[in-house]
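Student: Sequence:
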Amino acid sequence: MERVDERAGRRLDEAVTMAHTLGMADRSNIHMVMAKARQAVTTAEADTRWVANRSINAGSAAVAKQHGWNLLWVAERDACLHCLAYSGHVTTPGAPFPAGLTYAARPLKAGLPLLYPPLHPNCRCRVVPWNGQPGRLDISDPTLPSALLREARRSVVRGDSAYASEPARLAAADRLVQRGAALPKSVVERARRAIGAGRFETPAERRKRAG
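So the number in the numbering used here is just where the residue sits in the sequence shown, counting from 1, plus 1.
Just so you know, the hints here were simulated from the structure itself, not pulled from any lab data. One or more hints might be untrue.
Stated by the list, open to error - Here are the computed distance ranges between Cβ atoms for each label pair:
id	residue 1	residue 2	range
1	175	28	44 to 54 Å
2	101	55	18 to 28 Å
3	99	176	33 to 43 Å
4	121	203	43 to 53 Å
5	22	57	35 to 45 Å
Note that CB positions come from ideal geometry on N, CA and C, so glycine has one too.
Kindly generate the complete structure, drawing on both the sequences and the hints.
Tutor: If you want it as structure tokens, here you go:
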């Protein structure tokens with residue numbers, strides 16, 4: 002596997018080669034070379050975030066194992082539809098989280114189960130030590146895992162994910178409502194109205210409705 006610096010260096014070498022091949026007299030060629038060079042920066046940033054997140058979560062897993070605690074997956078409110086499906090799941094250190102969870106139409110990938118995040122490049126999920134038992138998640142349970150599950154489902158039916166198109170978010174909300182979101186009736190009814198209208202409320206519309 003390429004190291005971060007090797008991958009960035011390869012991208013920069015490609016930009017230099019392109020500059021020599023195309024020449025730099027034409028404006029469009031200059032833009033193409035600059036875009037290739039910028040790929041080196043964005044790739045390095047993404048790789049660095051991935052390594053940092055994985056290291057942090059590996060540390061959390063080590064702490065949990067040392068104390069005999071379990072691991073709790075925590076996703077952000079506006080996480081992607083795949084990460085939201087993991088939020089609230091609990092496993093023992095060394096035991097994987099289930100593979101292929103998602104609120105989207107298809108799983109992100111049919112890969113191996115994960116010991117901890119990141120689930121994908123730029124993933125911001127984390128695991129935290131949890132002094133509780135893994136088991137079947139119950140949305141009515143007052144424990145933290147069930148609260149995270151409930152908030153993840155709320156994010157789906159409200160269309161809060163910042164990493165999916167509106168049609169994809171509407172389809173995810175529709176699937177969850179159809180199979181039973183187990184959320185307050187007002188939240189579900191608002192989701193049904195959004196699905197029927199083909200659009201979610203904007204933040205400004207939410208603030209106006211809230212008064």
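Student: Run every hint past the structure and note whether it holds.
Tutor: Right, here's what the structure says about each hint:
One distance hint, 44 to 54 Å for the beta-carbon pair residue 175 and residue 28, holds here, with the actual separation near 46 Å. In this structure the supplied range 18 to 28 Å holds for residue 101 paired with residue 55, their Cβ-Cβ distance being about 20 Å. Residue 99 and residue 176 have their C-beta atoms about 18 Å apart, which leaves the hinted 33 to 43 Å range violated. Between residue 121 and residue 203 the beta carbons are some 27 Å apart, a value that contradicts the proposed interval 43 to 53 Å.
Taken as a hint, the range 35 to 45 Å holds for the pair residue 22 and residue 57, whose Cβ atoms sit roughly 41 Å apart.
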